[in-house]
Structures are given as structure tokens and as C-alpha cells.
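Same order as they appear, the protein sequences are chains A and B.
Mapping of the first sequence onto the working numbering: residues 1 to 196, in sequence order.
Mapping of the second sequence onto the working numbering: residues 1001 to 1233, in sequence order.
Misleading hints may appear alongside valid ones.
To be verified - From the structure, some residues in chain B lie toward chain A, with a derived Cβ separation under 8 angstroms:
(1) TYR1096
(2) ASP1099
(3) TYR1158
(4) GLY1161
Said to hold, decoys possible - In silico DSS-like cross-links for lysine-lysine, where the CA-CA straight-line distance does not exceed 27 angstroms:
(5) B:LYS1081 with A:LYS20
(6) B:LYS1098 with A:LYS20
(7) A:LYS63 with B:LYS1165
(8) A:LYS116 with B:LYS1098
(9) A:LYS70 with A:LYS58
As the list claims (entries may be wrong) - Beyond 10 angstroms from chain B on every Cβ pair, some chain A residues (computed):
(10) PHE57
(11) PRO118
(12) GLU161
None of these hints come from the bench; they were simulated from the model.
The model shown is predicted, which means the values in this text are computed figures rather than measured ones.
Where a beta carbon is used, it is the ideal one built from N, C-alpha and C, also for glycine.
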Amino acid sequence: MGAESPDTRVKAIEALLTEKGLISSDAIDALIREYEEDVGPLLGARVVARAWTDPEFKASLLKDATAACKELGIEGLMGDHLVAVENTPTVHNVVVCTLCSCYPWSVLGLPPSWYKQPAYRSRIVLEPRRVLREFGCELPESVEIRVWDSSADIRYLVLPERPPGTEGMSEEELAALVTRDAMIGVERVTVFQGPG
Amino acid sequence: MNGIHDVGGMHGFGQVHGESDEPVFHAEWERRLFGLRMSLLGRYTLDEARRASETMDPGAYLTSPYYERWLASLEFLLVEKGYLTQAELEQMVAEYEKDPDAPVPRRENPALVERLLRMVREGGSPLPEAMGPRRFREGDRIRARNMHPPGHNRLPRYARGKPGKIARLYPAFFLPDTHAYGGQEAEYLYCVSFTGEDLWGSDADPSHLVHLDLWESYLEPLPDVTDRAPEGD
Chain A
1 MGAESPDTRV
11 KAIEALLTEK
21 GLISSDAIDA
31 LIREYEEDVG
41 PLLGARVVAR
51 AWTDPEFKAS
61 LLKDATAACK
71 ELGIEGLMGD
81 HLVAVENTPT
91 VHNVVVCTLC
101 SCYPWSVLGL
111 PPSWYKQPAY
121 RSRIVLEPRR
131 VLREFGCELP
141 ESVEIRVWDS
151 SADIRYLVLP
161 ERPPGTEGMS
171 EEELAALVTR
181 DAMIGVERVT
191 VFQGPG
Chain B
1001 MNGIHDVGGM
1011 HGFGQVHGES
1021 DEPVFHAEWE
1031 RRLFGLRMSL
1041 LGRYTLDEAR
1051 RASETMDPGA
1061 YLTSPYYERW
1071 LASLEFLLVE
1081 KGYLTQAELE
1091 QMVAEYEKDP
1101 DAPVPRRENP
1111 ALVERLLRMV
1121 REGGSPLPEA
1131 MGPRRFREGD
1141 RIRARNMHPP
1151 GHNRLPRYAR
1161 GKPGKIARLY
1171 PAFFLPDTHA
1181 YGGQEAEYLY
1191 CVSFTGEDLW
1201 GSDADPSHLV
1211 HLDLWESYLE
1221 PLPDVTDRAP
1231 EGD
């Protein structure tokens, strides 16, 4: 790649491929819109909230997350081999792709920058407890930390623990508490949080 | 390959820096690049894309923002697959350098839009045909092979040669080592758990497990404890 700005190179590639008929401008627009507006962590939050309130759904989610999400109309690219891993009082799960940036797009949308950069990728497999503490997630040694390194086509979704103080909340209210970072596994859900 | 992308366990990258309310794209070119690359779905596989990313110069890889890595990998793939030549790309770049405000031509193709949206909404990358018996079962103790292939591979260095346990059985998938070059070999995939201690030594956190999804040829059986010679011999 040359020293020119990426902006110029992207324009050049788009121009060439459009002229050759390999892509179209409206296709680019539509795919941007899909992942900038439609596919995002609100989908995963719905899955979590349903699992918290419906034990049958939770069981099916843990058995076959792809099929369970499909029941809710949630499916798509990077989600056809989805596995949900459950946090409990003695087990905390966290997801990474040390080799690149694999991420469960179909339920979380596109990953944040930190997930894709070497600092997180290098350290979460080596010293997860310390990294989680830096995210504000303090875990005693009695809690086992399971790191899932997405080295193949399987994509992982963390099912966070339902926090205390949420009894009687509706599914919608519960979904509003579930953050993207909790579904990656770098934080826990609390009643005072919301997506953002 | 023992490339710079294989960062698991490395020191020196410092703190993880989050950005609150981070936008999906930080610049218009990132947004456009994303859409452009997604429009090419079906013309390349994930394994080919990963391999392409790994060809980046190591210094550039470590210092480039994420989407610049995507750009480099996309250019590599487009040229390798013959969708454009390096020469015509450089020529077009030079033209836009001379006149940065020149528009990009617009073409509409509703049928392509529909096809691509269906692909992203339904997912469904094809799985290989059913295969013979598996070599390993849940609970089996294995060792990740001490392998250092120069080409594309998905066994990180931090796990090579380390003992682990089969935690889950997954279906068969195309083996990236050959699929990244157009091959169609497939093998059973396994979720393997490694303890922090086995990976990082006795100073590691005792209550720490790392799971990796590994193909059958990346693994070898680990003999039972009873197979070892008695102590003191």
C-alpha cells in the first residue's frame, strides 16, 4: 500500500470495481446501512433478556444458540455457528479473537476498536483477571475465568448473570440494561447500566 | 505462519483503551471501505481474507488502525484474484490524488443488493460433506501439535505443544491451512480447553482456562498418566 491517504485508495478501488460491474453503489450503501443502523448489540440484549425470563429459551440457547436466536428472528453473517456461554456465580466467560477480530456480528454488530487491537488480544488470554479489573470488573479468585479464543468459525456470546434488583422488570426493561461489553464478557450487568 | 498477527500472550502493548460512545466508523473512507468489501461477499472466503491480512508488513500491521489493515488485505485479495491489476489500481489512485474531489461513478444494481442482503441476513456458509469417524471424544486429553507451518494456520503459538482437554465437539469445517488457498479439505473441529498453568506456567492464575477451536490435525493424543515410566527410574 502506498503513502497516499486511505481515502484516495478506497475511492480508486470503488471506481474500478464499479466500472467493471463487480459491485454497485447501492449495494455499498445498503450494506453500510445494515451494519451501521440495523445490526447491533440491541439484538443480543433481546436474546439475553429472553433467556433471563424464559428458562426453556435459556436451555435451548445454551444447547444451540444459532437455532434459538433464529426463533427470535435473529440470524445472519458471523452468526451461523453461534455458541452461548453462561456466566454464573463461579464462572465468568470472556471472548476474544487473538489472531484477528472474529466477533458474533449477528447478535452484536461490528466490534469496537479495542477488541480488534493487539493490547486486548494479547493480554486477555494471558492475564484476564487483570484486564477485566481495568474494565472495572473485579472478580475474586473463587470465580473461574474462561476465555474463548474464536480461532475458527464458531462465534461466542456471553450470557451475563441477571443482576439483583431486577425482579419484576419486563423483558424490554431488562434488555435495556444489557450492554455490548457484558456480552463480550468484559463487564457485568448492573441495574444502573444501559447500552452505550 | 508465525506472523505478527499471532499476538496471544505477548507483552508490551499496554493498557486496553476503550472509547466511550465509539462510532461504528471513524471516517467516511472506513464506512465506504466496509460497504465495498461486504459487496464482494461470495467472491472470497473468510480464510482467504485472514490469510491476506497476514501478508501485511509486521511494522505496518502493528501501527496501522484497523481499517487500514482491511484496506491492505482487500487490495491483496483483489489483485491475487485478478479482479484488478496493481498497475490499474495505482493509475486510478494517481488520478484521485490529482483531483481528490472527483466523484466516484455511481451504478445501481437492485438485484445485487437483494442477493447481498440475503447473504448477510441468512448467513449460512456451506459446511463440508459429512465425514468418517472422529478421532477424539469429549474429555480426551490431547496435546496441541508443535507445528510451525509457513502458510496460513489457526493454532496460535501460545498453545502449540501444550496439553489440553477436548471440551466440546463441533461439526467438520474446511481446514483453513488449505482452504485459504482454494483447497476443499475438511476436518472435525474441537473446542479444546487449556489451563492457565499449562499455558503460562506456575505463576499463572489458578482459576483460568483458555478455550481454542482447533481442527483435528492440529491435535495429537496425550498418553494416559499410566503410560508414563514410573518415577525414580
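Of the numbered hints stated previously, which ones are contradicted by the structure, given in increasing order? Of the numbered hints given earlier, those the structure breaks are 2, 4, 8, 11, listed in rising order.
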